[in-house]
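Be aware that the sequence shown starts at 860, since it is given in the numbering used here, and climbs by one per residue.
Honestly, the hints are just simulated from the structure, not real lab data.
C-beta atoms are modelled at their ideal positions from N, C-alpha and C, and glycine is treated no differently.
One thing to keep in mind: the hints can contain errors.
Label pairs and their in silico Cβ distance ranges [to be verified]:
hint	residue 1	residue 2	range
1	A968	G907	19 to 29 Å
2	P910	W1013	13 to 23 Å
3	P943	V916	30 to 40 Å
4	P921	N989	12 to 22 Å
5	R970	G913	31 to 41 Å
6	D964	R944	22 to 32 Å
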Amino acid sequence: MEQHTATHHTSTVTLSGAPMQQRIAPVSGSDPGMEVEFPQPIPEARVGLAPDGGHMVLVLPPGEVITGSMAAVAAEKIDRLAAPRRLPLLLTLTGVDSISRSARDVFSAARSLAAVAVIGVSPVDRVIANFLLGGEVQPCPTRYFSRESDALEWLKRYAA
860 MEQHTATHHT STVTLSGAPM QQRIAPVSGS DPGMEVEFPQ PIPEARVGLA
910 PDGGHMVLVL PPGEVITGSM AAVAAEKIDR LAAPRRLPLL LTLTGVDSIS
960 RSARDVFSAA RSLAAVAVIG VSPVDRVIAN FLLGGEVQPC PTRYFSRESD
1010 ALEWLKRYAA
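Let's have the full structure, built from the sequences with the hints guiding it.
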């Protein structure tokens, strides 16, 4: 993160496509040249229900290492959205730096999913998907796609 020495400065920070304002200002009673940085929020995966309600969508934040705690938060949201049904999931991991072993364990333990279509576009995405899918036996049908249209067509057979 860049540091500023101005008395007040506002900059725009973009995280996973969502710009945020960050203000850097002196602390009351401190040295006027002292810089204070506000902590950046922890990036989160975006979880939602498709507009037609036939499947859920999980978009992992590009440029990030997906940790077990990030995966657990996403899994909890997925469980809440799916309850009491089992729905298919469209999981986009395009541009993710890596997925930790603990995140892989969380994703492979998901029991509220009818099927998972994993989407990536680069050779690196395919390697990350192979790691994600290569642990425990997956609890539901799971497949990698490089085109969203193919993934959505495949998921239709598992829609409730």
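Here's how the hints hold up against the structure:
At about 21 Å, the CB distance of A968 to G907 agrees with the hint of 19 to 29 Å. Separation of P910 from W1013 is about 19 Å and conforms to the stated range, judged on CB atoms against 13 to 23 Å. For P943 paired with V916, a C-beta distance near 19 Å fails the hint of 30 to 40 Å. A hinted range of 12 to 22 Å holds for the C-beta pair P921 and N989, which are about 18 Å apart.
Take R970 and G913: their Cβ atoms lie about 19 Å apart, and the range 31 to 41 Å is violated. The beta-carbon spacing between D964 and R944, approximately 24 Å, falls within the hinted interval of 22 to 32 Å.
In this structure, the earlier hints numbered 3, 5 are contradicted, and the remaining ones agree with it.
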